[in-house]
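Letter by letter, the chains look like this.
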Amino acid sequence: MPVALRVVPCLDVDAGRVVKGVRFEGLRDAGDPVELARRYDAEGADEITFLDVSASTSGRATTLETVTAAAEQIFVPLTVGGGVRSVSDVEALLRAGADKVGVNTAAIARPELIGDITRRFGNQVLVVSVDARRCPPGVETPSGFEVTTHGGRRGTGIDAVTWASEAADRGAGEVLLNSIDADGTKDGFDIEMLTAVRAAVDVPLVASGGAGTTQDFVAAAATGADAVLAASVFHFGTLTIAGVKDALRGAGHVVR
Amino acid sequence: MSESRPTVVVLDYGSGNTHSAVRALERAGADVTLTADPALVASADGLVVPGVGAFAAVMEQLLAVGGDRMVERRLAGGRPVLGICVGLQVLFAAGVEHGSRTVGLDQWPGVVEPLEAEIVPHMGWSGVQPPADTVLFRGVEDELFYFVHSYGVATDPADLLAEAGTTALTPPRVTWSEHGSRFVAAVENGPLSATQFHPEKSGDAGARLLRNWVGTLRP
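Sequence lines, in order, name chains D and L. At position 114 of the first sequence (counting the first as 1) the number is 114 in this note's numbering, and the numbers step up by one without a gap. At position 192 of the second sequence (counting the first as 1) the number is 192 in this note's numbering, and the numbers step up by one without a gap.
Do not rely on the hints blindly, as some may be mistaken.
Stated by the list, open to error - If you want the ones that stay clear, here's a sample from chain D, every Cβ over 12 Å from chain L, calculated:
1. Val53
2. Ala61
3. Asp89
4. Ala106
5. Gly122
6. Val139
7. Pro142
8. Ile158
Said to hold, decoys possible - Only some residues are given here: those of chain L computed to face chain D with a beta carbon under 10 Å:
9. Glu118
10. Val120
11. Pro121
12. Tyr146
13. Ser177
Read the hints as simulated data drawn from the structure, not as lab findings. Glycine residues also receive a C-beta, built at the ideal position from the N, C-alpha and C atoms.
From just these sequences and the hints, can you work out the full model?
Dropping the structure here:
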């Protein structure tokens with residue numbers, strides 16, 4: 001039996017609070033990432049991701065406390081990303097209780113950071129997040145997809161497929177591919193981009209950006225992605241983890 | 001309350017995230033201490049050896065706190081030890097990473113080698129095939145468990161012992177899983193048990209497995 005396809009909800013956390021509204025019924029505190037993470041754990045999430053969007057140092061310190069509280073209360077893997085710039089940032093998150101740490105912009109600026117992290121903590125802790133888009137007019141890359149930074153606001157001219165492949169070669173244990181074009185549209189994942197990256201990387205691949213319906217998850221899984229990540233469809237109760245898993249199971253995938 | 005709860009030490013030797021292991025064992029009914037104090041390690045009803053990262057690095061850290069002697073002494077007295085993830089791997093004879101070989105604690109014959117699969121690391125939830133007389137997997141034989149590893153053991157230590165003509169009092173019993181090819185997902189061997197997956201990250205199934213293990217401890 002192959003490894004089960006993972007369904008992963010992602011929470012944006014700012015100074016220990018969930019940003020982007022969450023409309024769950026029966027929550028004591030809809031802004032508490034720990035309570036939400038527990039809820040998702042109970043609903044069958046295979047992994048939980050926190051994206052730290054804190055702008056301040058004190059906000060980041062608060063996030064570390066949140067990570068510890070979550071690690072003590074949820075019993076599925078916890079990935080934390082957002083603003084991770086150094087080996088010591090990774091160490092702080094792992095000590096706090098993260099199982100995996102996501103690195104994005106810092107690895108683009110300094111690719112050797114990937115090896116620095118994985119030599120110290122092992123490949124399995126590092127997720128390289130790639131925010132990518134279709135090349136806008138005036139930009140050309142071999143694959144037609146470009147890496148962006150600053151939440152998609154800045155292009156880099158770097159080929160997204162080449163970068164994902166390089167990140168894996170340098171030691172990343174997983175690649176999280178987020179489509180900036182699809183993100184927030186609910187029009188479905190960027191299947192073409194996922195397919196191109198899947199063909200180039202032999203570490204686990206997480207599909208992100210664009211989930212709107214259960215069939216969108218099925219289409220993403222069909223590209224060979226190992227995990228599917230979404231935020232708002234889960235937070236707003238449009239879809240449930242169980243509903244997504246039913247659809248995936250119906251399409252012949254192994255799910256937990 | 002602590003009189004009735006078995007005591008468990010989670011060996012603290014600098015190995016990654018131990019928060020979840022400590023909490024999960026507490027939920028499984030144990031009175032848990034995170035320490036490398038030899039006296040506490042020796043007197044606990046159960047010892048858990050966690051481990052993440054590279055085999056060589058884990059062995060180095062383990063030896064630095066005298067973990068090899070701690071495990072030996074406990075097993076000599078028939079006192080339970082549970083290895084998790086690289087904590088399973090180091091119980092084998094050796095590990096080979098990037099072509100270099102590191103000696104393990106050698107409780108079982110067999111070598112930890114790179115997984116041969118299309119996608120590595122093996123990261124996620126997989127099923128297992130426990131032996132019929134399993135204690136660890138009782139009630140969760142058909143559940144999935146969370147794995148994250150790039151290396152594994154492909155040989156059955158019981159077979160290797162038999163080939164070497166060694167008669168083990170209680171031969172190791174392997175639970176298999178598969179990623180590309182089959183590998184050792186868990187071993188149960190008298191007081192010594194180990195899992196390649198992370199029970200503390202394996203939701204309700206992992207919680208049950210830890211309860212099963214804690215249930216074997218004698219306070």
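| task | Grab the minimum beta-carbon distance between D:Ile158 and chain L and tell me whether it stays above 12 Å. | result | About 24 Å separates D:Ile158 from the closest Cβ of chain L, which puts it past 12 Å; holds.
| message | Hint validation: L:Ser177 versus chain D, beta carbon distance must be below 10 Å. Holds or violated? | response | holds, 9 Å
| query | Was D:Ala61 rightly flagged as not at the interface, with every chain L Cβ beyond 12 Å? | reply | holds, 17 Å
| request: Using Cβ atoms only, decide whether L:Val120 comes closer than 10 Å to chain D, and label the hint accordingly. | output: This hint holds: L:Val120 lies near chain D, its Cβ roughly 7 Å from the closest one there, short of 10 Å.
| field | Verdict on D:Asp89 as a residue remote from chain L, using beta-carbon distances over 12 Å | value | holds, 15 Å
| Evaluation of the interface hint that places L:Tyr146 against chain D, nearest CB under 10 Å | holds, 6 Å
| Distance rule for D:Val139, whose beta carbon must clear each one in chain L by more than 12 Å | holds, 31 Å
| Given L:Glu118 as an interface hint, is the shortest Cβ-Cβ distance to chain D below 10 Å? | holds, 7 Å
| message | Over 12 Å from every CB of chain L: does D:Gly122 meet that, or does the non-interface label fail? | response | It is violated; D:Gly122 is separated from chain L by about 4 Å at its closest Cβ, not greater than 12 Å.
| said: Using the nearest Cβ pair, does L:Pro121 come within less than 10 Å of chain D? | reply: holds, 5 Å
| query | Beyond 12 Å from every Cβ of chain L: is that where the Cβ of D:Val53 lies? | reply | Non-interface label stands for D:Val53: nearest chain L Cβ at 22 Å, farther than 12 Å.
| Beyond 12 Å from every chain L Cβ - status for D:Ala106 | holds, 21 Å
When each numbered hint is compared with the structure, a violation occurs for hint 5 only.
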